[in-house]
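Dock chain to chain to rebuild the complex, using the hints, since each chain is given by itself in its own frame.
Listed here are the chains, written in short residue letters.
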Amino acid sequence: MRIPNKLAALIVGLLLTVSAVPARAVDLEKRVIRTKLDNGLTVLMLERKFSPTVSLYIRYRVGAVDEVKGQTGAAHFLEHMMFKGTTTIGAIDYQQEKDLLARIEQTGSKLDQEKMKGDQTQTDKVDKLVARLQKLQAEHRRHYRSNEIDRLYTENGATGMNAATGQDITSYYVSLPANKIELWARIESDRLMNPVFREFYTERDVVMEEKRQRTETSPKGRLYEAFMSAAYKVHPYGMPILGTTEDLTFISQDALRHIHKKYLNPNNIVIAVVGDINPDATLELIERYFGKLPKSDVPPVEITPEPPQKKERSIEVEFDANPSVIIGFHKPAPPAFDDYVFEVLEILLTKGRTSRLYAKLVLDGQIAESVSAYNGLPASRYPNLFAFFAAPRHPHTNDELIAAIFQEIENLKTQLVTDEELTRAKNQMKMAYLKGLNTNSDLASTLSYYELLLGDYRYFSRYTQQIDKITAADIQRAAVKYLTTQNRTVAVLKKPAAQKTDEIRNEK
Amino acid sequence: MKNKIRRYLFIAMLFFFLPAIFFSTAKADVRLVPADKIKYPPLKFSIQLAERIELENGIVVFYMSDREVPLVSISATIRAGSIYDPPQKEGLAQLTAYLLRTGGTAGIKSAELDRRLDFLAASPYFSTSSENVSVDFSFLKSDMDECLHLLSEMMRKPAFEKEKIQLGLSQKLEELRRIEDNPQSLAFREFNRLLYPDDPRGRYATPASIKNIARADLISFHSEYYFPANLVMAVSGDLSRREAIEAVQKHFGSWFSPRPADAPAPPPMKEADGLFFIDKPLSQATLISGEFAASHNDPDFYAFSILDFIIGSGGFPSRIFSAVRNNEGLAYSAGSFYRARSGYGVFGTYAFTKTASTLRAGGMINDILRDAASGSIKQDELDWAKKSLLNALIFSFETPHRIAARQMVIEFEKLPADYLTSYARKIEEVTLADLKRVARKYLKQNKRMTLILGDTQNFGPIPDDWGKPVFIQPLSKDKN
Chain A
337 MRIPNKLAAL IVGLLLTVSA VPARAVDLEK RVIRTKLDNG LTVLMLERKF SPTVSLYIRY
397 RVGAVDEVKG QTGAAHFLEH MMFKGTTTIG AIDYQQEKDL LARIEQTGSK LDQEKMKGDQ
457 TQTDKVDKLV ARLQKLQAEH RRHYRSNEID RLYTENGATG MNAATGQDIT SYYVSLPANK
517 IELWARIESD RLMNPVFREF YTERDVVMEE KRQRTETSPK GRLYEAFMSA AYKVHPYGMP
577 ILGTTEDLTF ISQDALRHIH KKYLNPNNIV IAVVGDINPD ATLELIERYF GKLPKSDVPP
637 VEITPEPPQK KERSIEVEFD ANPSVIIGFH KPAPPAFDDY VFEVLEILLT KGRTSRLYAK
697 LVLDGQIAES VSAYNGLPAS RYPNLFAFFA APRHPHTNDE LIAAIFQEIE NLKTQLVTDE
757 ELTRAKNQMK MAYLKGLNTN SDLASTLSYY ELLLGDYRYF SRYTQQIDKI TAADIQRAAV
817 KYLTTQNRTV AVLKKPAAQK TDEIRNEK
Chain B
56 MKNKIRRYLF IAMLFFFLPA IFFSTAKADV RLVPADKIKY PPLKFSIQLA ERIELENGIV
116 VFYMSDREVP LVSISATIRA GSIYDPPQKE GLAQLTAYLL RTGGTAGIKS AELDRRLDFL
176 AASPYFSTSS ENVSVDFSFL KSDMDECLHL LSEMMRKPAF EKEKIQLGLS QKLEELRRIE
236 DNPQSLAFRE FNRLLYPDDP RGRYATPASI KNIARADLIS FHSEYYFPAN LVMAVSGDLS
296 RREAIEAVQK HFGSWFSPRP ADAPAPPPMK EADGLFFIDK PLSQATLISG EFAASHNDPD
356 FYAFSILDFI IGSGGFPSRI FSAVRNNEGL AYSAGSFYRA RSGYGVFGTY AFTKTASTLR
416 AGGMINDILR DAASGSIKQD ELDWAKKSLL NALIFSFETP HRIAARQMVI EFEKLPADYL
476 TSYARKIEEV TLADLKRVAR KYLKQNKRMT LILGDTQNFG PIPDDWGKPV FIQPLSKDKN
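If you read the protein sequences in the order shown, they are chains A and B.
Going by the numbering used here, the first residue of the first sequence is number 337, and it counts up by one from there.
Going by the numbering used here, the first residue of the second sequence is number 56, and it counts up by one from there.
Extracted from the complex, chain B is given alone in its bound form (with noise of 0.2 Å):
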């Protein structure tokens, strides 16, 4: 080790005092093209979109071939999320989802469903969230027939057996005594409950919601959000136009429902406001902040995702991955997170960061926002982010499937028809006017919803303008 630094310290040195021999060394590197001038041969890129077909049940598929493997995907999202579930009885839609795979149907018993489905080496994967469900299904080309004939019978005919609720009851409610093994899971869920107080969205599933749950709700909630015009499907893979319109035809065709599509409300906007402590004695803490922002539909939205790329979702080089993990080493994971959905978006930031730092990285953080809220990003910040986002888009159509499951969802989501076609364009006209126009529409100057989980008796005296904390209580998992 001491040799070491001896040689380096001598080598400097001589290159001090020789700077002819420097420069002759230093040639063999020079040789290579400094990476930032690099020629490269210009992209042959062409945007290839999936086919919207509508049925006549008004299911609306969007269709796109893949030869390669003998495989065939196909993919749904449905307006059945929790934020339908009613009050008192959260938990509801993930557990309708949940039996709809597990809980057998009209015709095919669920023991019998499962043999043939593994047999099959095929599963639907069906999954919640607070706006939809998804499922996710591939198969052997070969097996398509009888796979959708499986898929539409659980979609269409569930017959919600007894055991099987009782298992999909008992299995959440071990999730929900589990969930505070996780700091980080849990303090995404108790963020989200402070986010949205007077909201579905900020209603979660508890011992004593999954409790009040019957089987007549789960048949009452599946009649009540699962029809025709309720969902949206994908279908790519080893089959032809005709092939996907007969097949989705033949198995989801005679699902006839005169109701139009649900138009869920946005949430309030209206976050609890302060400083919230959770108390578990870890020796990292959670902090997580967050303030609603502009929504998928909003033109506010390109200016508004170019700003969480440059505060914290563009990787190394973003301000706040730069300062509180490059520069300061105060955690592994920091950043920003923008969701924006139609009708809101929020915007939010999270470090996990050992206890005597918490503070400090908080403060950090602030800092962050406070600076850009008051025009700071500049032009070479906006240029790094746009050539980002424009090179990156290519991978949004990276595979068939890939391209008409988000065609899939951004007609759910009921964006515009050319949100896909019109995206780069629409990056490439946000001005650094309109970044500063946004970052102070949205972010708040001073005081931003802000929780803590962690040790908190350790962290140290809390600064005055950040207000007194309020400690809460996690949703319970033994009470009732």
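Here chain A stands alone, though its shape is the one from the complex (with noise of 0.2 Å):
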């Protein structure tokens, strides 16, 4: 339901001024149960006991990136329609909806079909699709119950329950009083194995409304589409979480079927559990619900890789707003050892006020509204980017900005960064680690993401120590190998003509 979470902020963790962190805050080796199901599901449980609730997180290796050209979109699309019940969830006569699905389907994609024809389209024909189509709709109804998957867990108390699709990943969550695991089991499961899509044609329009809200009419949202189609030009991670309008207006249930059944592996899920719990019957729980999901060994689909940027890419978008820009570089996804550097790069440029760009372009020469760096754009299953965001301030210009960022820049590849910058970022990403430690949810949900991610969740444990080993030489041999012009993708946001004209003429 919603677009990813920024993990980075979870997950960027430690070394203190002096010492290691204490142990009993680095205990999580000895206290995680990982254990893989007989199927090849993975379970990580963590106890906690300080309240009587627990939390729970589902991934799926499954995300944007698994999609067929042409249906963008339909990840995060069937992450919607996972809200809609199961065969025993929402259902009041399941064999008869069943009938009534097939033909709305059919009606549907009646009505698509003759919509694409552009203007060969006969309306009289669409006209009467859409009737039936309203009238099955109507008839469909009285088959189930909407929304139970959500009224079951709200009123036992779920809370924080929703669902995230990235280009890699795909996640479920909630929170739950304690003794409520069994229901959390229970739909979930179910809704993996036997979901219905029910209200498709109507999920399809909120979708498109989403659409709407976070890109169409959103100067970021818009952006940010825009630079990472000019980043990528091969890999699917250049497609937009989203999708495309033009795919998702008449994207079709197969389109998720096809992401769907990519979920039924095994070997792409990982579970985390965490809070006040009894391992032991927590585990019992899951093999009996998640169990029977037969193993698969069907290999990973490869993904033909971005081939490496030639030469500088910049593009303009135009829109109504005040300026903005993106800068963003290619580099290699975790665990390499340059995306441990770039971990510390970005704290070390923007994070605190006497980090580097903040304080030389907000603090001092006062051209930047704000900037911030931040690596692993938009994923990191396969070669990420480490990007700049910023947005100047009047009067000051886009063009400014830049400028002054690939001034910072080429200072890092010609002078060694100090060791109290450095101490500083890494203390930072101590702390950050520290506070990553604080709630159930938060656990589970970085537990579990680099053990999905990386095969791991000790990465995240041992993180520390690898930040601890990242020397100023690191980094600026990192700039000068990865940050360079034609390794760049510039975006940058600004008015369209005719809208400055307006402007000014206002401001007279």
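Keep in mind the hints are simulated off the structure, nothing from the lab.
Don't take every hint at face value.
To be verified - Pairs of lysine-lysine residues, derived as DSSO-like cross-links and limited to a Cα-Cα distance of at most 27 Å, are as follows:
| id | chain 1 | residue 1 | chain 2 | residue 2 |
| --- | --- | --- | --- | --- |
| 1 | B | K227 | A | K556 |
| 2 | A | K805 | B | K335 |
| 3 | A | K434 | B | K227 |
| 4 | A | K569 | A | K405 |
| 5 | B | K196 | A | K385 |
| 6 | A | K831 | B | K441 |
| 7 | B | K335 | B | K94 |
| 8 | B | K164 | A | K385 |
Printed below as a string of structure tokens:
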């Protein structure tokens, strides 16, 4: 239902002023219980006793990158449909309903096909199909109960219930009173194995509204989409998670089924349970509900990698809004050593008021309203980007801001960062790590994320030690190697020419 | 695609003709417990509360221990929000709070302060709302003395360095320029201006009011509103009760002022009347409606919370969400909100929908509210809402700092001391008759103040009973 949360914020981690993180804070490896079910599904459990609550994450190594060309948005749309119930949740008489669902799909497909004809579309045909579809939908409504998954979770005390689709991973998560774990297992295993795509066509309209809300009416959303599509020419990371408007308009249920099929591979699933639990009983419960998912030996699909970038790319987005820029550079994904280097660089450049770029561009030079660096866009299963998001402060321009950022990048190549900067950045990372240990939901999120992404949650528990190894020379080397002109994509947001003159007139 | 449909039809027919097979096949699924029939073990839960400690100088601190990680968290809430902005100097409260953090102190230059805080990887976060300023700060236990020293300097002895004031003013002007880039932020600001027409809560910073603010204003605002009785604190983390008291006493104990806490007047509760349009040619419109409702200390608060849950804040099954989003596909975001403070409450609705369906979505929301006001809420909705609110209550007690901070706000709002412990019982006691009564009492039967931002020329004909829309200009970002 949402776009991916910023995981990096959770995971940045460690290295204190002097010594190591206190033992009880890093004892994760002793406390996390990691199990694989016979079918290959991975379960992580961590007992925490303060409150009788539990946070549950189930993550699938399936995301927007798994979509077929022309069906962008399918993974995210599927995630919406997973809230529509199952053959036994929301169903009144599923066997009767099934027939109606098939007729709705058939009619809806015909309607889409007619509309897709564009100029050739026959409006009388469309009207007839619309009427038939509405009639079928009205009849269908008598055969199921809407929103049952939400009702069950909510009335049993769920908080933070949501789901998120990313390029790499789709996640479903909720926190519940600790005695209600079985409800979670019942719902999640059932919607994994027996989902029913009710209300498909109305939900497609909802997703279109989501697209309007997040992208079409949002200058930031528009710029981000344009930036990504410029940075990735071949790899699916360049396509928007919500889908292109063209693809979404007529996307079919088969496109969603294609993605859903990939969910059914236990090797692609990680569950994390953190809170006031009895691990044995919890595991038994998970085994009972998820153990029946058959083993799978479907190998992961090969995705054509993005070829190395040969020259600088730049793109302009016109929108009636104040200026802003995104600048990005291709780089390796975790757990590559150089990814850790960029983790440190992100913090060193823009976290805190004394961070290099914030101090120079916002506080001293005062040409920027904001500037932030971000390592790991848009996701981390494939080589990704190190990016800068910045907005100039009036009357300064995008061009001035871009030039200033480029200058700072050159400085990284010619001079070593200072020990003080490096220590400060590492201190910030350690503090973020400690804060990330504070809530059940943060822990469940982080553990399941790394287990699924890298096959080992200990990437997280050992992160501090890796960060500790990063030197000023590493940063310089990485800057020289990756932060080059030919490896660079620059996207700028500016007002349309006509708007500009309008604006000047208004100001006079 | 075609094959698949044919297969579905085939299976459906098969079941139709062979019910016996249907039953035996279906049995595999029947072994699943119906989700409503799962038997849950009892939940052992007793409410743990933070301890209330009052220092000699009147500062109230809520303390709770949390030994899991070696961190300490401190929060404060101060009666120094933007309702105290003097007329023509809107933005002063927020700028003051911003300068406390960024403008240096009597003993420490701003650059040095930033350097030390960043090295400690700890930065107090000051945020300003209409009624209060909140401060949130966490740090390593081992850095507690230094961190509290810095915080105390900032809150008690700000220097308001001139260059930092200039920076704060310029950044605020830039923020004002950028509000119009986000249709939802813009609409909600303009909504508040209509909701509180003759009240400080409806006054917002403009370039002109920002330019009116001088250093002397910041100094006097600080001395006027930052004093012990005007704030409440919460402390939690890896420290004992004694350590907590000693630390707060050491850094804030010598701060004396004879003044009692400010008691802000509630708004006049006379929102502008009618339908308002802001023209902005976007593909999606923002609709917001609002009216005044039960205050937080009114006995009706409990019934109204349930009413709001049923109408539009209780997720998918709530009335607005299920009608506007789920059944009609008109919006991704739609629902209601209820903000209760001591002295007044606000209830509102919102939906973001494509231009062509703007009036239809607005009409549906009107119908839902009219229907609720006329007494249509049903017992099963009440049961569902109660169950949901009561079962989720333990999450208010999920972490020690959440508990302490919650009690801090209850003290600040001057709610009864037993508010947390009696909440469940009071929700439990709400009857269907109560719900009908509060719906009738607070929800207007017909028109409520409604603001729509969007491509107004393409909304289509406005229904007669909506009245004639008044076009408004958003608070200027350019003039003067």
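What hint numbers does the structure not satisfy? Violated: hints 2, 3, 6, 7 and 8.
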